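There are 4 protein chains.
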Amino acid sequence: MKVLVDISIVPLGVGLSLSPYVAECEKIFAAAHLKTALHAYGTNVEGDWDEVFAAIRKCHETLHAMGAPRISTNLRLGTRTDRVQTLEDKVRSVTEKM
Amino acid sequence: MKVLVDISIVPLGVGLSLSPYVAECEKIFAAAHLKTALHAYGTNVEGDWDEVFAAIRKCHETLHAMGAPRISTNLRLGTRTDRVQTLEDKVRSVTEKM
Amino acid sequence: MKVLVDISIVPLGVGLSLSPYVAECEKIFAAAHLKTALHAYGTNVEGDWDEVFAAIRKCHETLHAMGAPRISTNLRLGTRTDRVQTLEDKVRSVTEKM
Amino acid sequence: MKVLVDISIVPLGVGLSLSPYVAECEKIFAAAHLKTALHAYGTNVEGDWDEVFAAIRKCHETLHAMGAPRISTNLRLGTRTDRVQTLEDKVRSVTEKM
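Chains as they are written, first to last, in this note's numbering: chain A, 1 to 98; chain B, 1 to 98; chain C, 1 to 98; chain D, 1 to 98.
Since the hints were made in silico from the structure, they are not lab data. Just so we're clear, the structure is a prediction, and the values are computed from it rather than from any experiment. Among the hints, a few may not be true.
Just so you know, same-sequence chains aren't split out, so a pair can sit in one copy or run between any two.
To be verified - Distance condition first, Cα-Cα at most 25 Å in a straight line; then the derived BS3-like pairs of lysine-lysine:
1. K58 to K27
2. K58 to K2
3. K35 to K2
4. K2 to K27
The following block holds chain A by itself, in its conformation from the complex (with noise of 0.2 Å):
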């Protein structure tokens, strides 16, 4: 099953910057071969569903490694039946009726 996934983790008792935990985050979808795209508020993340779960556990796995105790994480999550459906195919469907 296919999923269209966009994630925002905010890692705690770290302080205020948390640009290195994000982009720990980024580096380890690339490595899963996953289709991205960041955003200001997130990351927008393509693929099957069991690869993007085992890479947002890792995510979660490797922040606490880099000592972040608690994580605080928002997912959007989206799965359909009717038609397959890219990032690029949601961005595309509202620009053009802009």
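Knowing the structure of chain A, use the given hints to seat chains B, C and D on it.
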């Protein structure tokens, strides 16, 4: 790794009454022996990371099988390494300060 | 316009114990006479759109004044024109199908 | 007070194609002179708190007027007092660490 999750699952293309679908997910969580607490805007779930996410995957698969062609889910999830915390702990820590 | 909101507010740069901040927001909602229900991963709030969002703004302002230099909030919010629905209605519609 | 928001708006009861509704909200943000960045799972919005939330309210009102009887929205929002941060700053702070 233990995780606390809050899940809000929104099937699309099935009209305006979403409760039969939410109820089906509740049954899946119960069958997986996960601790849950239903509220007006989602369900708290507590359990082992892999068991929780296997149940969430099963929710998506089951709702698609029930006829929902598209599903949009929002998850909040937290892990921590500093201490063990249950759903009840989180509520109590707030209410005792109110 | 009436709105049902679920709010999860995460102050950053204040350590790992967030409950004093969450409790402060609960007091703000209560003082605004909004109907609320606390759960382990947020708070349901029911009320008039402008009153609810004025209270949420006040939460951010108050938590900054308490010393939180950065706040990350997640909101789920719903409006509907087909019928009036309360927080209790939403929970009941699910539980009667379980 | 300045705020950075990420909004994902899901109209219910209008079928599976949500892009006409998302596009309408984009127009509302543009008309309000708010800075935005569209991505595959939402839209980043930067601006003054009251102006941003007035635009979000207008989105809900407009989508109801377009025929959506129910709307479910997810917002991530951040405020900070330690420094000024733009949408571009947030992306750059991550990419320069990758």
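Contradicted hints - numbers only: Hint check: nothing fails, all pass.
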